[in-house]
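Read top to bottom, the protein sequences are chains A and B.
At position 46 of the first sequence the residue is numbered 46 (this note's numbering), and the sequence of numbers has no breaks.
At position 35 of the second sequence the residue is numbered 35 (this note's numbering), and the sequence of numbers has no breaks.
Check each hint, because a few of them may be wrong.
[To be verified] Derived coverage of chain A by chain B (criterion: at least 3 residues anywhere in the stretch with Cβ under 8 Å from a Cβ of chain B; other residues may be distant):
#	segment
1	29-42
2	76-83
3	104-113
No lab work stands behind these hints, which were simulated from the structure alone.
From the three backbone atoms N, C-alpha and C, an ideal C-beta is built for every residue, glycine too.
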Amino acid sequence: GAGVSQSPRYKVAKRGQDVALRCDPISGHVSLFWYQQALGQGPEFLTYFQNEAQLDKSGLPSDRFFAERPEGSVSTLKIQRTQQEDSAVYLCASSLPLRDSPLHFGNGTRLTVT
Amino acid sequence: SQQGEEDPQALSIQEGENATMNCSYKTSINNLQWYRQNSGRGLVHLILIRSNEREKHSGRLRVTLDTSKKSSSLLITASRAADTASYFCVPTGNAGNMLTFGGGTRLMVKP
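Using the sequences provided together with the hints, build the complete structure.
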């Protein structure tokens, strides 16, 4: 079946604009994660969903970041009033709920804030 | 969740040589996973080793785990240019499926 799909692939935003990044997980994967990856760094955890419930949002860097997964499938990461430091690749991953399940990652959305 | 620390940060070898990357972590784990990230294919899961396992193989990959030393190693044998990537170890505790990534080892395999 299809893998994790993220859109858009690239996004350029002017500072102060709001952006919305979309993630379509693998069908049947109840767990969904968002990560932020700066150039040359490892992915940084942002938030985690199990079905529609957001179980952990401790990694969201500020209240400008908001994630939702209203029907337990597609998820959207929204960044309000973007700043230059928000420029990064945003990765989405999904997995089965089992403890030993690996994460399946999308190709990410590269956000550039000018 | 907890984070693994990879060593070395960067590694450069010739094609055909073996590459060894190490990982250390701080608390008890349920399992440890290795992921690879290259520019073409994004982040890909390579292998998972459970806390009661000491060694696991998958193709040219060999992973070891020493829970008494809280360390793991990833060996890639007969490396190829296509193995050029960053490699991340991700220890997972009993808190669930929370995966935290460190900085990774950047491997370069020269043809």
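We went through each hint and held it up to the structure:
{"no.": "1", "hint": "29-42", "in the structure": "holds (count 5)"}
{"no.": "2", "hint": "76-83", "in the structure": "violated (count 0)"}
{"no.": "3", "hint": "104-113", "in the structure": "holds (count 5)"}
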